[in-house]
Amino acid sequence: MVQELLEKNNARLNINDNQDQEQEITILSTKLRQLENELKILEQENELTNKRFLDIVSNLEHKVKEKNQQLYLSQSLITEKNKELNLMLNNAPALIYYKDAELAYIQVNQKFLSFFNLAPSSILGKKNNEIITDIDLFSESYDIITLNSKKPSNNIIETFKYEGNKYYFSVDRIPIIDSDNTARGIVCFAQNISEKISFEQEKSKFEEQLRQNQKIEALGTLASGIAHDFNNILSAINGYAEMAAHVETSPENITKYIDAILKAGLRAKELTRQILSFSRKKETKFSPINVIDIIEDVKKLVRPSLPSSINLEFIKKTDQAIIFADATQIHQVFMNLCTNAFQAIKSSKGKITIIIDKQKLEDDNPLQLEAGDYQVIQIMDDGEGIQESKLKQIFEPYYTSKKCNEGTGLGLSIVSSIVRTHKGEITVKSKLGEGTTFTTYLPTLDSLQTDSSEKNLKYINGCETILVIDDEESVVALMDEFLSYLGYNVIAHSDSVEAMNIFEKQPDRFQAVITDMTMPKITGLEVVEKVRSINENVPIILASGYFDTMEEEMISGIKNLKFIKKPYELSSLSHTLYDMIKNQNVLTNF
Amino acid sequence: MNQKKMTFYELKQAIHSSELASIKTVLLELIRLINDPSASAKQLKDLVEVDPPLSSRILRLANSAYYGMARRITDIQEAIIWIGFDTVKQISISMKALELFLGNELDIFFSRDKLWRFSVASALTSKLIYRREFKELGNDIYSIALLHNIGHIMIEQFIPDDFRKNLMSYRSGVKNLIEIEQNILGFDHAILASELMKEWDFHENIYLSIRFHHQPQLAPAHVRREATILYIVDQLCTRYDFGFSDIKNSNKFAFTSAIDAYNLQEIALDNIMTTVKKDMRKMEQLGWF
Numbered sequence: 001m002v003q004e005l006l007e008k009n010n011a012r013l014n015i016n017d018n019q020d021q022e023q024e025i026t027i028l029s030t031k032l033r034q035l036e037n038e039l040k041i042l043e044q045e046n047e048l049t050n051k052r053f054l055d056i057v058s059n060l061e062h063k064v065k066e067k068n069q070q071l072y073l074s075q076s077l078i079t080e081k082n083k084e085l086n087l088m089l090n091n092a093p094a095l096i097y098y099k100d101a102e103l104a105y106i107q108v109n110q111k112f113l114s115f116f117n118l119a120p121s122s123i124l125g126k127k128n129n130e131i132i133t134d135i136d137l138f139s140e141s142y143d144i145i146t147l148n149s150k151k152p153s154n155n156i157i158e159t160f161k162y163e164g165n166k167y168y169f170s171v172d173r174i175p176i177i178d179s180d181n182t183a184r185g186i187v188c189f190a191q192n193i194s195e196k197i198s199f200e201q202e203k204s205k206f207e208e209q210l211r212q213n214q215k216i217e218a219l220g221t222l223a224s225g226i227a228h229d230f231n232n233i234l235s236a237i238n239g240y241a242e243m244a245a246h247v248e249t250s251p252e253n254i255t256k257y258i259d260a261i262l263k264a265g266l267r268a269k270e271l272t273r274q275i276l277s278f279s280r281k282k283e284t285k286f287s288p289i290n291v292i293d294i295i296e297d298v299k300k301l302v303r304p305s306l307p308s309s310i311n312l313e314f315i316k317k318t319d320q321a322i323i324f325a326d327a328t329q330i331h332q333v334f335m336n337l338c339t340n341a342f343q344a345i346k347s348s349k350g351k352i353t354i355i356i357d358k359q360k361l362e363d364d365n366p367l368q369l370e371a372g373d374y375q376v377i378q379i380m381d382d383g384e385g386i387q388e389s390k391l392k393q394i395f396e397p398y399y400t401s402k403k404c405n406e407g408t409g410l411g412l413s414i415v416s417s418i419v420r421t422h423k424g425e426i427t428v429k430s431k432l433g434e435g436t437t438f439t440t441y442l443p444t445l446d447s448l449q450t451d452s453s454e455k456n457l458k459y460i461n462g463c464e465t466i467l468v469i470d471d472e473e474s475v476v477a478l479m480d481e482f483l484s485y486l487g488y489n490v491i492a493h494s495d496s497v498e499a500m501n502i503f504e505k506q507p508d509r510f511q512a513v514i515t516d517m518t519m520p521k522i523t524g525l526e527v528v529e530k531v532r533s534i535n536e537n538v539p540i541i542l543a544s545g546y547f548d549t550m551e552e553e554m555i556s557g558i559k560n561l562k563f564i565k566k567p568y569e570l571s572s573l574s575h576t577l578y579d580m581i582k583n584q585n586v587l588t589n590f
Numbered sequence: 591m592n593q594k595k596m597t598f599y600e601l602k603q604a605i606h607s608s609e610l611a612s613i614k615t616v617l618l619e620l621i622r623l624i625n626d627p628s629a630s631a632k633q634l635k636d637l638v639e640v641d642p643p644l645s646s647r648i649l650r651l652a653n654s655a656y657y658g659m660a661r662r663i664t665d666i667q668e669a670i671i672w673i674g675f676d677t678v679k680q681i682s683i684s685m686k687a688l689e690l691f692l693g694n695e696l697d698i699f700f701s702r703d704k705l706w707r708f709s710v711a712s713a714l715t716s717k718l719i720y721r722r723e724f725k726e727l728g729n730d731i732y733s734i735a736l737l738h739n740i741g742h743i744m745i746e747q748f749i750p751d752d753f754r755k756n757l758m759s760y761r762s763g764v765k766n767l768i769e770i771e772q773n774i775l776g777f778d779h780a781i782l783a784s785e786l787m788k789e790w791d792f793h794e795n796i797y798l799s800i801r802f803h804h805q806p807q808l809a810p811a812h813v814r815r816e817a818t819i820l821y822i823v824d825q826l827c828t829r830y831d832f833g834f835s836d837i838k839n840s841n842k843f844a845f846t847s848a849i850d851a852y853n854l855q856e857i858a859l860d861n862i863m864t865t866v867k868k869d870m871r872k873m874e875q876l877g878w879f
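In order, the protein sequences belong to chains P and H.
Per the numbering used here, the first sequence starts with residue 1, numbered consecutively.
Per the numbering used here, the second sequence starts with residue 591, numbered consecutively.
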């Protein structure tokens with residue numbers, strides 16, 4: 001090709017054969033040569049590119065094969081996963097169904113089919129009312145509620161009766177929500193809890209039985225001590241009765257003997273009451289009770305059964321210990337803990353200390369109790385202690401360190417379950433050779449409630465002399481009678497002038513003044529002024545149907561003065577009066 | 591600035607721990623790829639994609655009006671498919687080498703930009719000589735020519751006062767810059783670049799041909815052709831005024847004997863330079879400079 005072109009050129013240039021032409025030829029031939037070379041290189045490059053292209057194509061073929069392989073693999077993986085899912089569905093301990101938004105069954109598991117005795121073909125794609133079964137299917141109305149609310153519904157119990165058997169199901173329904181927030185269907189898990197329910201019923205009966213047994217067991221332990229106590233009482237009764245019957249003595253002495261016999265009888269009665277209150281089997285009944293009273297009772301019951309070389313001490317760091325509880329059960333808790341403490345002291349000498357105190361628990365406390373005020377009762381012994389490895393087990397049923405005939409090993413598990421039903425907690429600390437401390441936390445009943453309940457219960461007696469002033473004759477009469485009944489010495493007047501005269505003559509005779517506010521002649525406020533001008537400290541109670549702010553301001557600065565609003569309750573008057581006189585006495589004694 | 595005189599060793603150490611040295615890893619790998627006919631497009635893509643400034647420069651070129659792509663090219667893979675593997679290879683190595691030439695203007699007479707333009711022209715010229723005269727692909731000589739003057743960048747950056755002094759006597763005198771460097775510094779830009787490239791594990795052919803590009807007659811036999819072509823190309827690009835040149839274009843005899851040694855005719859070289867001029871204009875439009 002090149003040769004051809006050169007010849008053509010030469011032919012053309014032959015016409016003017018000169019220097020210029022030769023030069024031009026050289027240039028052209030150089031260009032031609034360079035073009036030829038470039039062409040060769042391009043051919044080379046082209047070849048390379050072709051080769052690369054073929055590589056790419058064959059690589060692509062390979063890749064397609066690979067992708068197909070992968071596709072096949074993922075398909076078989078899906079099949080495999082489906083198998084797994086079915087395995088799980090069919091072996092899950094529940095009846096499972098899956099419905100679409102129209103409430104037609106899409107899928108059910110084997111357990112579902114066998115429970116309702118259905119074939120897949122007779123249920124899939126159908127709604128409840130299109131399916132014929134012996135037992136009613138799970139309620140469609142709950143399905144609708146779940147679909148509409150788009151929220152799972154949990155633990156709805158559905159029951160069926162079939163051929164004399166009653167079935168209980170705990171049913172969970174979960175809506176299937178699409179990304180556009182429409183409910184596409186519903187999955188439902190129904191768990192047959194019939195056995196569990198009958199088991200629970202059995203279990204609570206059994207637990208009740210256990211508690212009773214444990215009481216009897218504790219009574220056995222205490223029997224010797226109680227017998228000893230009764231013997232003492234009986235000795236007293238018999239002794240004094242004998243003396244009254246056989247010894248010649250004065251009638252005064254006989255009265256004394258009979259008194260002693262009566263006292264012993266009362267003590268026996270008290271002892272019997274305590275034993276009965278402990279052993280009586282009754283339904284759980286919660287009421288406000290004072291833990292301190294319970295512990296005092298327990299102490300009285302336990303004390304006689306302890307050797308005198310064992311010291312039993314009760315330290316009260318609080319006097320308000322009202323909890324909302326079942327008295328018998330709480331009694332049982334402390335009986336048990338005290339008995340345990342005694343049994344832990346193997347030697348004849350030792351010490352059991354009971355401490356009661358208050359504690360405020362914050363949120364997230366280590367005991368995981370609700371935040372609030374708690375009564376904390378510690379029962380400490382200086383016995384042999386418990387190994388650390390065994391501490392965790394001691395609240396478990398049937399755990400015991402005692403020998404075969406000493407106990408059943410159920411005591412502490414019952415104690416712990418009682419404390420927990422009272423929303424409390426019990427913990428234990430122990431060191432080998434040093435002793436064990438059981439700490440019981442019980443929630444304090446709201447203090448306000450107890451205050452009023454306690455005060456409403458009774459009146460408080462007194463023996464002081466009180467001046468009562470009220471223009472209403474009937475009030476004067478009532479106060480006279482009521483306060484006298486409580487033991488006070490009452491001077492009551494309906495005339496305030498007269499009353500003031502009496503006070504002026506013998507100011508030190510009166511330990512308190514109760515006056516009405518609105519009176520003719522001298523008003524309540526004037527009475528207060530007059531009394532204070534004579535005696536700075538004598539307690540004054542001002543009673544009125546209403547107080548306006550000015551009056552309130554006038555009396556607010558006066559010490560040892562309280563007002564009560566009419567009509568007042570006699571009990572609250574008795575408390576106010578008692579408190580004021582008591583405070584005044586404390587002050588004057590100082 | 592009153593600078594403490596740096597020894598040659600200290601200068602090399604300073605360059606080793608500088609930005610310049612950090613460019614070398616990708617550069618070496620690109621040179622290896624460009625010369626390896628079995629290298630795959632994926633290798634190039636993987637290499638370029640981990641260098642975001644480089645890939646963004648390549649994509650900017652690929653999306654320029656010259657290639658007239660109807661659709662926007664958003665990754666290297668697409669650039670290779672639509673523009674071609676070889677073109678992207680050449681763009682990649684040039685754009686990586688460009689990073690060596692980025693920097694502030696030092697002098698009106700000299701700028702890194704001007705030196706960069708000269709280097710690209712040298713690379714194009716030498717590649718065309720290889721293809722049109724030696725019937726070879728010329729990828730190897732393209733990268734060598736692109737980098738043959740980086741010694742100037744090193745001197746300019748690390749001993750700027752000396753560089754400015756050298757430049758002044760080069761402008762006002764008749765001597766080539768390399769002779770001034772040898773007189774004043776005791777070494778020259780070719781030695782410095784060659785030494786560092788050797789330490790950076792560049793191929794022997796590369797650093798040796800750069801070492802002797804001003805004295806090709808001294809080059810070892812196996813790189814003498816490369817060194818000579820660099821020498822010739824320097825003369826040609828100076829004559830055609832492509833950016834900053836470090837020679838005075840005066841030794842007619844040495845030039846003639848160099849082209850004679852490889853059977854190159856002036857007329858053939860002139861023809862090649864016509865193509866280079868055209869290509870340079872095109873590249874200018876593409877935004878290479």
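There may be inaccurate statements among the hints.
No farther apart than 30 angstroms at their CA atoms in a straight line, the calculated lysine-lysine pairs in the DSBU-like style are these [unchecked claim]:
1) P:Lys8 <-> H:Lys725
2) P:Lys431 <-> P:Lys300
3) P:Lys40 <-> H:Lys755
It should be emphasised that the hints constitute simulated quantities derived from the structure, not laboratory data.
Here is what the structure says about each hint:
no.: 1; hint: P:Lys8 <-> H:Lys725; verdict: holds, 25 angstroms
no.: 2; hint: P:Lys431 <-> P:Lys300; verdict: holds, 28 angstroms
no.: 3; hint: P:Lys40 <-> H:Lys755; verdict: violated, 48 angstroms
Of the numbered hints stated above, the single one contradicted by the structure is hint 3.
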